[in-house]
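Visitor: Chains as they are written, first to last, in this note's numbering: chain A, 1 to 227; chain B, 1001 to 1209.
Just so you know, the hints here were simulated from the structure itself, not pulled from any lab data.
Check each hint, because a few of them may be wrong.
To be verified - Chain B is nowhere near these chain A residues, computed Cβ spacing over 10 Å in every case:
(1) V9
(2) G84
(3) T212
What the hints assert, rightly or not - Across the chosen pairs, the derived CB separations fall in these ranges:
(4) A:E27 x B:G1076: 46 to 54 Å
(5) A:L224 x B:Q1057: 33 to 41 Å
(6) B:S1079 x A:L41: 46 to 54 Å
(7) B:S1079 x A:L113: 50 to 58 Å
(8) A:V11 x B:V1068: 44 to 52 Å
(9) A:L170 x B:S1079: 31 to 39 Å
Said to hold, decoys possible - Below are the BS3-like pairs computed for lysine-lysine, each with C-alpha atoms no more than 30 Å apart in a straight line:
(10) A:K15 x B:K1110
(11) A:K223 x B:K1005
(12) B:K1183 x B:K1005
Even glycine gets a Cβ: it sits at the ideal position worked out from N, Cα and C.
Below, each chain spelled out in residue letters.
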Amino acid sequence: MNQSSLINVFVALVKRDLLLALRHRAELFNPLMFFVLVVTLFPLGTGADSKLLQTMAPGIIWVAALLAAMLSLDAIFRSDFEDGSLELLLLNPHPTSMLVLAKVFAHWLVTGLPLIIVAPLLAVFLGLDSSLTGLLLITLLLGTPVLSLTGAVAIALTVGLKRGGILLSLLVLPFYVPVLIFSTNAIEMAASGLPVMAQLWILASLLILAITLTPWPTAAALKLSLS
Amino acid sequence: MISLKTTDLSCIRDDRLLFEQLNIDLLAGQLLLVEGENGSGKTSLLRILSGIRLPEQGEVIWQNQQGVVTSVHDQGGYSGEMAFLGHQDGNKLDLTVFENLSFTQSLALKNTDGIEEVLNRVGLALFDDIFVSNLSAGQRRRLAIARLLLSGASLWVLDEPFTAMDTKGIAMVEREIELHLQKGGLVVMTSHHSVSLNPENLIKINLSQ
């Protein structure tokens, strides 16, 4: 009788969201365009001092990635909320936290992953030492899912409000700051030849914490937003 | 025996008391028609019964086929035995009719009828590869009914199911409701249309009084 195991439901939801994202390509490119634009505008604004750019590169790339992630957050639950399918997802017999995790994962695949893919290009553009590109990618790979997962809690709280924008950034930023600090710090340390494993472990533990702890508050906040 | 009970349910919205001391006792094969003026709390009641909204006071108690009794708001819902159709259809506009239904099917706990068969029954047989954004409002409503049929749920909670439907569509929904009741299902619904169903199984409550 049991037709759908939890894994199947997870996969079905990720597939659905990816398909929807594919049919909304314009929205897909929005955060990516923002990311690329901010990073390319920086050299124009600060002048072509390559030394300065080189030292600022990790910071620029990370701040741009963080803001791009924040811009794209609203899309996680907005359309589902507006067409009523969010209600149906919550009434589903499967645990809401798993459905939330599937949605956030799909969202990260379409908004976080493209940033990571273009980041090496932008690193070259800013003159970041090529030996540091790998580390930059690792920090992005560990850090951006944390941004999506913690952002989902905040967006779940504000999805019922007409204008939750300012509230959202206030809610989200305190959780984003540690990720930013440890990521950029790791790259700076590596640039001066120091070990960076501590920072990477902290980032990894933040990721594990976010995966295990955020789906429940997100699910609870969604229920609150709908009732 | 399947049944849906409420005990002393009350609902307050924006400091306004919509209803209180509401006791409903609905058995298998029965339909509860919720009547009342606009703003009398019909939708709120349906959202409470479906478990989306919390009641101010009281409990909603569900007894399933195996006789297991659960309090809907305290113990985490109906576990797949309830299907809800709200004001919004809940269809994804950028998916085709078929994709919408196959997603519903992958979430359902029970094996249900095939998608083609259900589409036939709701009169959307030729539209399976059409994007929902290209369907008319009535057709979208029919798709929502199709989702109901695929859910395999024994309790249907329907908020104005006839909205935007033509006479054929209304007849179709009535036929499906009757079939569902005959199979021992339960239905709670609001409607401004008069419902032509067997009065024996029909319970009416009016929230305006």
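Visitor: The structure should be examined with respect to each hint, and the outcome stated for every one.
Guide: Going through the hints against the structure:
1. V9: violated, 6 Å
2. G84: violated, 3 Å
3. T212: holds, 20 Å
4. A:E27 x B:G1076: 46 to 54 Å: Taking Cβ atoms as reference, A:E27 and B:G1076 lie about 34 Å apart, which means the hint is violated.
5. A:L224 x B:Q1057: 33 to 41 Å: violated, 19 Å
6. B:S1079 x A:L41: 46 to 54 Å: holds, 53 Å
7. B:S1079 x A:L113: 50 to 58 Å: At roughly 35 Å between Cβ atoms, A:L113 and B:S1079 fall outside 50 to 58 Å, so the hint is violated.
8. A:V11 x B:V1068: 44 to 52 Å: Since the Cβ atoms of A:V11 and B:V1068 sit about 29 Å apart, the hinted range of 44 to 52 Å is violated.
9. A:L170 x B:S1079: 31 to 39 Å: holds, 37 Å
10. A:K15 x B:K1110: holds, 21 Å
11. A:K223 x B:K1005: Distance of about 23 Å is within 30 Å: holds.
12. B:K1183 x B:K1005: holds, 20 Å
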